[in-house]
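Enquirer: Sequence:
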Amino acid sequence: MDLDAVAEWSRYVVVVAVLGYLAAWLAFCAEAGIHSRRRRALTAAAPERELVGASTASSSVDAPVGPAGPEDAELQQRADRMGGIGRGLFALATLALAVGVVMRGLGTERAPWANMYEFSITGALVASIVFLVLARTVVGRVVAVWAVLLIFVTVGLASTVLYVSPGPLQPALQSYWLVVHVGCAVLAFGLFTVGAVVSALQIASERAADRGRTSGFGASLPDSVSLDRLAYRLIAIAFPIWTFGPLILGAIWAEVSWGRYWGWDPKEVWALITWLAYAAYLHARATAGWKGSKASVVALIGYATVLFSYFGVNILFNGLHSYGGL
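Take the position in the sequence shown, starting the count at 1, then add 1019; the result is the number in the working numbering.
It is possible that some hints are incorrect.
To be verified - Have a look at the derived ranges for each label pair, beta carbon to beta carbon:
{"id": "1", "residue 1": "Trp1028", "residue 2": "Val1172", "range": "19 to 27 Å"}
{"id": "2", "residue 1": "Gly1308", "residue 2": "Leu1022", "range": "29 to 37 Å"}
{"id": "3", "residue 1": "Asp1023", "residue 2": "Gly1311", "range": "48 to 56 Å"}
{"id": "4", "residue 1": "Val1288", "residue 2": "Asp1091", "range": "35 to 43 Å"}
{"id": "5", "residue 1": "Thr1306", "residue 2": "Arg1100", "range": "46 to 54 Å"}
{"id": "6", "residue 1": "Trp1283", "residue 2": "Leu1045", "range": "40 to 48 Å"}
{"id": "7", "residue 1": "Asp1091", "residue 2": "Thr1156", "range": "21 to 29 Å"}
{"id": "8", "residue 1": "Val1121", "residue 2": "Phe1330", "range": "37 to 45 Å"}
{"id": "9", "residue 1": "Pro1187", "residue 2": "Val1316", "range": "21 to 29 Å"}
{"id": "10", "residue 1": "Val1183", "residue 2": "Ile1148", "range": "20 to 28 Å"}
{"id": "11", "residue 1": "Gly1308", "residue 2": "Ala1228", "range": "14 to 22 Å"}
No wet-lab data here; the hints were simulated from the structure.
As the structure is a computational prediction, the values presented were derived from the model and not from experiment.
All residues carry an ideal CB built from backbone N, CA and C; glycine is no exception.
I would like the entire structure built from these sequences, with the hints used as guidance.
Expert: Put into structure tokens, the structure is as follows:
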């Protein structure tokens, strides 16, 4: 099998990963549904347990009543089993995606992030690995339900709408700067994506707590403080990577290629806007003490600029960075 065939077959491996992410999401949804059923049963039985407890206060019998007994234990076991299946499928899908990315790189004999298709699958791989690490924690397991859905959509769009057949690079991209400059952008993009998911869930969790909800979507989330802290840590890691890669190294590559560090190209402008948005997020937390939903909204605005820099600029504008194509 020649290298071009390896690059082409990588697409089918990526499609297998898409199916794996879908299966993992369905398993996580089943786990969430069982947990929701368990919470409803416990809430409905709480008054009954209080009444029974009051009438038998002097009794020496200490037997579980209602859903706190065998039925509750069975539901917990079923939820744990579905969660384990979901995490296993998530790991297998991530492995398949990693194989697809490596095959694309080997087949094209270059770093696999020269166009939107390759950038998408590589960025999704970074996000998947981060989520797999986070899934070892209680907070991460809840976040992973929605992370899998986002990754499924991203990789699914990449393998259908954004797909580009393997081919030689434009002369301007045939440089070692492609590895370091765009590689840092891919890594930061993956981390910003994870941070955006966590920030959105933090807002939902805080609003549910403010309204005193004990059931429904908001009640199934971790506490907003834990989510807020996790989002901050992810963005604090991604921000210097974005500063170093897309901005500093991008300016150096621009000087090497075009003889100037800055030229107000649309991609350059939106990379700077993204940097300013996340700088405002970190500054507001450090100086004004912004936490919770206010900080999460700023983080989501920052991620919106990331998405526009990625999709909007590539599709809507023509500039010096347009040679990568879709």
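Enquirer: It remains to establish, for every hint, whether it holds in the given structure.
Expert: We went through each hint and held it up to the structure:
For Trp1028 paired with Val1172, a C-beta distance near 23 Å keeps the hint of 19 to 27 Å intact. Remark: the range hint 29 to 37 Å for Gly1308 to Leu1022 is contradicted by a beta-carbon distance near 55 Å. Checking the proposed 48 to 56 Å range against Asp1023 and Gly1311 shows it holds: the Cβ atoms sit about 52 Å from each other. Hint check: Val1288 to Asp1091, Cβ distance near 56 Å, so the stated range 35 to 43 Å is violated.
At about 47 Å, the beta-carbon gap between Thr1306 and Arg1100 stays in the expected band of 46 to 54 Å. Taken as a hint, the range 40 to 48 Å holds for the pair Trp1283 and Leu1045, whose Cβ atoms sit roughly 46 Å apart. Take Asp1091 and Thr1156: their Cβ atoms lie about 24 Å apart, and the range 21 to 29 Å holds. Distance hint for Val1121 and Phe1330: a CB-CB separation of about 25 Å, inconsistent with the stated range 37 to 45 Å.
Between Pro1187 and Val1316 the CB atoms are about 44 Å apart, so this pair departs from the stated range of 21 to 29 Å. Checked against the given bound of 20 to 28 Å, the beta carbons of Val1183 and Ile1148, roughly 24 Å apart, stay inside it. A beta carbon spacing of about 19 Å between Gly1308 and Ala1228 agrees with the range 14 to 22 Å that was offered as a hint.
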